Every structure is written in C-alpha cells, then in structure tokens.
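Keeping their order, the protein sequence lines are chains A and B. Per the working numbering, the very first residue in the first sequence carries number 265; after that it's consecutive. Per the working numbering, the very first residue in the second sequence carries number 478; after that it's consecutive.
Everything labelled a hint here was simulated from the structure, so no lab data went into it. From a predicted model like this one, the values you see are computed outputs, not experimental measurements. Do not take every clue at face value.
Stated by the list, open to error - Listed below are the simulated DSBU-like cross-link pairs for lysine-lysine, each with C-alpha atoms no more than 35 Å apart in a straight line:
id, chain 1, residue 1, chain 2, residue 2
1, B, K583, B, K761
2, B, K510, A, K377
3, B, K817, A, K361
4, B, K955, A, K299
5, B, K700, B, K689
6, A, K330, B, K830
7, B, K713, B, K510
8, B, K864, B, K700
9, B, K826, A, K316
10, B, K758, B, K830
11, A, K388, B, K830
12, B, K853, A, K299
13, B, K565, B, K480
14, A, K300, A, K393
15, B, K581, B, K480
16, B, K510, A, K316
Unchecked claim - Under 10 Å between C-beta atoms, here's a sample of chain B residues computed to sit facing chain A:
id, residue
17, I491
18, E556
19, K757
20, K853
21, R871
22, R872
23, A911
By construction, the Cβ of each residue, glycine as well, lies at the ideal position given by its N, Cα and C atoms.
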Amino acid sequence: MNVQIFECLKHSIIQNCLKIQNSKFLIMLSKEEVKKVADLARIEITDQEAEKYSKELSDILGFVEKLNEADTDKIGPIAPARLATQSVAGRHITGAKNATREDKIIEASNETKEGIIKNFPEKKDRFDKVKAVF
Amino acid sequence: MIKELHEKLVNQEITSEQLTSDYFGAIEKKDPKIEAYLNLNKEFALGKARAVDKKIKNGEEISLLAGIPCAVKDNMCLEGLPVTAGSKVLENYTAPYDATVIKKLKKEDAVFLGKTNLDEFAMGSSTENSAYQTTKNPRDPSRVPGGSSGGSAAAVAADMCAYALGSDTGGSIRQPASFCGVVGLKPTYGLVSRYGLIAMASSLDQIGPITKTVEDAAIVLTKIAGPDRNDATAVKSADTIYENCLTGEIKNLRIGVPKEYFAEGGLDSEVKNIIEESIKKCEKMGAEIVDVSLPNSDFALATYYIIMPSEVSSNLARFDGIRFGQSIGEEKSEENLVLKDIYFKSRAKYLGKEAKRRIMLGTYALSAGYYDQYYKKAQKVRSLIRKEFEETFRRVDLILGPTAPTLAFKIGEKTENPLEMYLSDIYTVTANIAGIPAISIPAGSARIEGKDLPVGLQLMGKWFDEETLLNCAYAIGKKL
Numbered sequence: 265m266n267v268q269i270f271e272c273l274k275h276s277i278i279q280n281c282l283k284i285q286n287s288k289f290l291i292m293l294s295k296e297e298v299k300k301v302a303d304l305a306r307i308e309i310t311d312q313e314a315e316k317y318s319k320e321l322s323d324i325l326g327f328v329e330k331l332n333e334a335d336t337d338k339i340g341p342i343a344p345a346r347l348a349t350q351s352v353a354g355r356h357i358t359g360a361k362n363a364t365r366e367d368k369i370i371e372a373s374n375e376t377k378e379g380i381i382k383n384f385p386e387k388k389d390r391f392d393k394v395k396a397v398f
Numbered sequence: 478m479i480k481e482l483h484e485k486l487v488n489q490e491i492t493s494e495q496l497t498s499d500y501f502g503a504i505e506k507k508d509p510k511i512e513a514y515l516n517l518n519k520e521f522a523l524g525k526a527r528a529v530d531k532k533i534k535n536g537e538e539i540s541l542l543a544g545i546p547c548a549v550k551d552n553m554c555l556e557g558l559p560v561t562a563g564s565k566v567l568e569n570y571t572a573p574y575d576a577t578v579i580k581k582l583k584k585e586d587a588v589f590l591g592k593t594n595l596d597e598f599a600m601g602s603s604t605e606n607s608a609y610q611t612t613k614n615p616r617d618p619s620r621v622p623g624g625s626s627g628g629s630a631a632a633v634a635a636d637m638c639a640y641a642l643g644s645d646t647g648g649s650i651r652q653p654a655s656f657c658g659v660v661g662l663k664p665t666y667g668l669v670s671r672y673g674l675i676a677m678a679s680s681l682d683q684i685g686p687i688t689k690t691v692e693d694a695a696i697v698l699t700k701i702a703g704p705d706r707n708d709a710t711a712v713k714s715a716d717t718i719y720e721n722c723l724t725g726e727i728k729n730l731r732i733g734v735p736k737e738y739f740a741e742g743g744l745d746s747e748v749k750n751i752i753e754e755s756i757k758k759c760e761k762m763g764a765e766i767v768d769v770s771l772p773n774s775d776f777a778l779a780t781y782y783i784i785m786p787s788e789v790s791s792n793l794a795r796f797d798g799i800r801f802g803q804s805i806g807e808e809k810s811e812e813n814l815v816l817k818d819i820y821f822k823s824r825a826k827y828l829g830k831e832a833k834r835r836i837m838l839g840t841y842a843l844s845a846g847y848y849d850q851y852y853k854k855a856q857k858v859r860s861l862i863r864k865e866f867e868e869t870f871r872r873v874d875l876i877l878g879p880t881a882p883t884l885a886f887k888i889g890e891k892t893e894n895p896l897e898m899y900l901s902d903i904y905t906v907t908a909n910i911a912g913i914p915a916i917s918i919p920a921g922s923a924r925i926e927g928k929d930l931p932v933g934l935q936l937m938g939k940w941f942d943e944e945t946l947l948n949c950a951y952a953i954g955k956k957l
C-alpha cells in the first residue's frame, strides 16, 4: 500500500474514532465544578442555582463539542491586531495589523471627570471609597 | 426617507421642532403598547431641533442628518444621560462622555429622541432578557421584535423615529430588522468605532444603522464610519459616500447562494419560499446566481458560543460594585462586609440570568486546563471560516440567504431553553465570526394568525466592500 494512502486512512480512522468517542462522551459540569467557576467569576450562587447552571452549561458545552469535528491541524488561530501577521497562521479578522498611534495623553473635560466621580457607588471627597480587603 | 425629510426641512415645509414633536406624539400614543423606549430626552431633543431650525432660517447649509430625529440603543453613551445596557447593574449610571458614533452624529446636528430597549448587555434574540421591559413586535404585539436591538427595530418599524442605531455581535441588528420588517446593516468589523459602546464581545461587536430604506442605511453609515484614536480596530479611512454608490444596477453581479442555508428541517417553509422568490428576482435583474458551499459555516454557532462568552466574562468583570453601577455596599453599609463580598454580592444581585450564564460559560472556557480545548480551538475554527469566505469571495461578489430561520416567534416561546434561543442566530453569527459586512432587508411577509409577519433577506459582502453590499440591497429593495 502506498504510504500516503495509508497515512490518509489512518488519519480518517482516528478522526472517526474521536468523533464516536466525543458523541458518547457526555459533558457534565458537576455542581461542585459550577461552584468553582462561580467563585472564579466572583458571583455568589445558591445550591439551587448551581444545579440549574450545571444542566444549562452542560447542554451548551455539549453543543460546542461540534468544534472537534473541524480539522484545524494546518491552521493558526485568529490573532488580535497587535500580534497579527500576514501568514495563514495568526491573521487578524479583517487583515489589519499593527494599529499604532502617538502615545499622547489627551485630558478629559471637567464634565467627564466630574461625571466619573459622580458614578462612584461610595465616595469620600473626590475619592472612590472601597471596603477593607480583609 | 431621510433625504425627503431633509428636503422638507431645507425648503421650510416643516420645522425640525414640529417633526420632533410629532415623533414624541407618536411615541406617546404607541409606545405604551410597544415598549421600545427605555427613556426619552424631550428637552434635549427639542432644544437641538430649534437650533437646527434657526440655522435653516439663517440660510446656513445643514447636513443630511441635521434636525432629523433618531433613536439610540441603550448600550451607547450619550454624555449626561443615563445608559443602562438593559441591566439593573447600570440603573443609576450616567454616561460621562459621548460614544464616538454619538459625537459624530452630534456634529451632524442629529436630534436624539431617546434610548431604546435591548436584551441585557445585548445578550439575547428577543429583548426578553432586558431587566426593564419586553418590547413587542409592532406587526403583532404577541410576538417578539427580535433582539438584541429589538427596541431600535420596533421604534423604526412603528414610526417612532426616522432611524436608529443598533449594535450587532451575532445578529443583533439584522435579526430584529428581519422580524420587524426594516433594514439593518452590520458593517465590516473595524469600519465603525466601538468607543462608548458598552462592550459585550469585543472581537465581534459592531455598531450599525437600523432604517426604513437601504438609502437611509447608506446615509447613516457615511456619517458614522471612520478611524478613531480611541478604537484601535477602527482603521479604515472614511472617504466613501455610500449613498452615492447606489446605482440600482446589478447586472453581471455574481451572487452566491450557499446550499447549506437551505437544508431540510432548519428553515421555515414560509421563509424559504420568499427567499427563493427573491433569488429569482435577482436573476431577472441580470445578476448571476452561483451555487456555493460553505461547509465550515456549520461550525459558526459553536465557535460563537465559545468566543462570545469568553470575551463577555472578561468585559463584564468591570461590573463589580466598585467604580460605577449598583453596589451592594450602599444598602448593607451597616454589615461588616469586606471587598470580596462587594464583588460577589453585587454581581449576584444586579446581573441578570443570561449575563451570569455567559460569564460562567466564558470563565469555564478560559480557566486553567481548558483554554486550548475551547478558546484556542474556536479561534482556529474562526480562521477556517475566514479562509472559506476568502475563497468563496474569489468566485462571487456577495452571498445571499435568509436572515433568520423563522418568523418572529411568540413572547415566552423560547425563554426556557437558552440553546433554542441561540439557534435564532444561526445565519447571522457567521458574518461576525468572519468580520464581514451583512445587511438584512425586508423581502416579503407571510400571513400567520391574521397578521403579516415580515421575512428578512440577508446579503453578506467582502471585507470593507459596503458599496457592493448596499447597492445590491438597494436594487433588490426597489424590485420587491
């Protein structure tokens, strides 16, 4: 058998096995995992909510498993403009690259400054007041 | 419509003050039922209108948009006015500066009537995720207007403004435009500055017009497009006058029709029939219809549901009760809370269900051990999708299909199943994933339960080739 054909076949068999594995592999985010994620996201959740999220997030993760069917062996990820190159690997979505501008400070108007301060939830004089860290 | 109003203003057949008052009258009459607006700026708008009238009386030349009343989706900042993004967390927030698009429209002497309803942080396809109200579809108030820019689309459809601004991350301009029977344009990523738009998913968000006609969309785009030092992705120079590109001639234009978009089972038959009729009309006008295949588009929605929540989880980290927005600290000042409690409790109380769901999903996808599996994989698939469009656009000038798989659905029909709601964006997300421009125009309507429900047709174009996109939409719009 021609080596190339053999490699091709091997690849497709492996891909198919992966597909079968993935479709059988039900992604389930446990309540404990959900709580850990909520902790990372800085959102307080109840036991009941954790249960609900566990189902909803598992459903969505099950749906996005579809991405494993896409063959991305020979392609790089889309890159932010500042890191983009013109090669196939790592292009910006519109082909833009290296957006630069002069590093110059432009003062905000007094109205804007006062507006920002007015939006502080708690303040002391013109300072944003926060709770103690510990 | 904008040009006609402009002529009337210049010829002094009407005044901007009268026009503005008339729109406020229409809002007073219709909006209690439609609930498109979250807040109105009566004094501010009428003051501007009078100033424009004065300019006209003095014989000064005025811009096409001067004195013409518009609505703005409530996730864009207008200095000194509240901006909620449809969320309780920003209920008490006042914008301290103007978004770049607002600044540009102010320069044109636009009149801002008020801010329109949206799904919280633009996350949704029906406005049912708004923390304040659910907007009704003007064509049938038992149905949703689509979303997230449902307030803007409903306001335009119900003649409660001349035009509106929306934002589109996965279809939020085009899908409501389709459901309400108006025109909605999502420009190329990077054509319009996002500065002052409350960010949802930064690599996908784009501001665009929702209008009565394609010509109006072109006029508004001309005024809001262009580079901005405050948005590094807005790099394209702004020298195109889009309304001047509308010849209505599409002879020999190559229009691709992807077979995947018409697959059995995914598309309502009413929508399918109307789109197929439109394709025949394009052929009659001399366009060349080309069968194309976009197999990787099948991955677009899954790609979207990794990239979008990942970026959401990062963008919404700022709503922590510290620098702005609602904070638990104020109401529980007597309790012995530490900094971390403010984060956890403020976010738990003031962020809505869908916002939290997406933050959680994104946090998971970006967390240690999963980044390569989810985010990096999705960005690679995004490259695949981009490449597929690049290759397809060597053969065709535009791609045509339906905007949404269904007609406007009933209020409450999809709120219990997030995944089903997400499928509403199946045809629109691809343009955001690929960064290309896309427009939805009314193509016809289907009579359901005694009401005429609009069907939107979507055209997608090459990066920064809004000229061809708008011209073809204009030609089709004239023929239908």
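Quickly compare the C-alpha distance for K330(A) and K830(B) to 35 Å and report which way the hint goes.
Holds - the C-alpha atoms of K830(B) and K330(A) are around 25 Å apart, at most 35 Å.
Under the criterion that the straight-line Cα-Cα distance not exceed 35 Å, is the pair K581(B), K480(B) satisfied?
19 Å, holds
Verify the interface restraint on A911(B): the C-beta must sit less than 10 Å from at least one C-beta of chain A.
Because about 7 Å separates A911(B) from the closest Cβ in chain A, which is inside the 10 Å limit, the hint holds.
Going straight from one Cα to the other, do K826(B) and K316(A) come out at no more than 35 Å?
Status holds; Cα separation ~17 Å.
Is K583(B) within 35 Å of K761(B), Cα to Cα?
42 Å, violated
Does the closest beta carbon of chain A sit nearer than 10 Å to the beta carbon of E556(B)?
For E556(B), the interface hint holds, since the closest Cβ of chain A sits about 7 Å away, which is under 10 Å.
Given the hinted pair K388(A) and K830(B), is their alpha-carbon gap at most 35 Å?
Roughly 33 Å between the alpha carbons, so the hint for K388(A) and K830(B) holds.
Chain A contact restraint on I491(B) - CB to CB distance below 10 Å:
33 Å, violated
Run the distance test for K300(A) versus K393(A): straight-line Cα separation, threshold 35 Å.
29 Å, holds
Decide if the proposed pair is consistent with the structure: K713(B) and K510(B), CA atoms, cutoff 35 Å inclusive.
With Cα atoms ~41 Å apart, K713(B) and K510(B) exceed 35 Å; violated.
Against the 35 Å threshold, does the CA-CA distance of K853(B) and K299(A) hold or violate the hint?
Given that 35 Å is the threshold and the Cα spacing comes to 24 Å, the pair holds.
Any CB of chain A closer than 10 Å to the CB of R872(B)?
19 Å, violated
In the structure shown, a violation is registered for the earlier hints numbered 1, 2, 3, 4, 7, 10, 13, 17, 19, 21 and 22, in ascending order.
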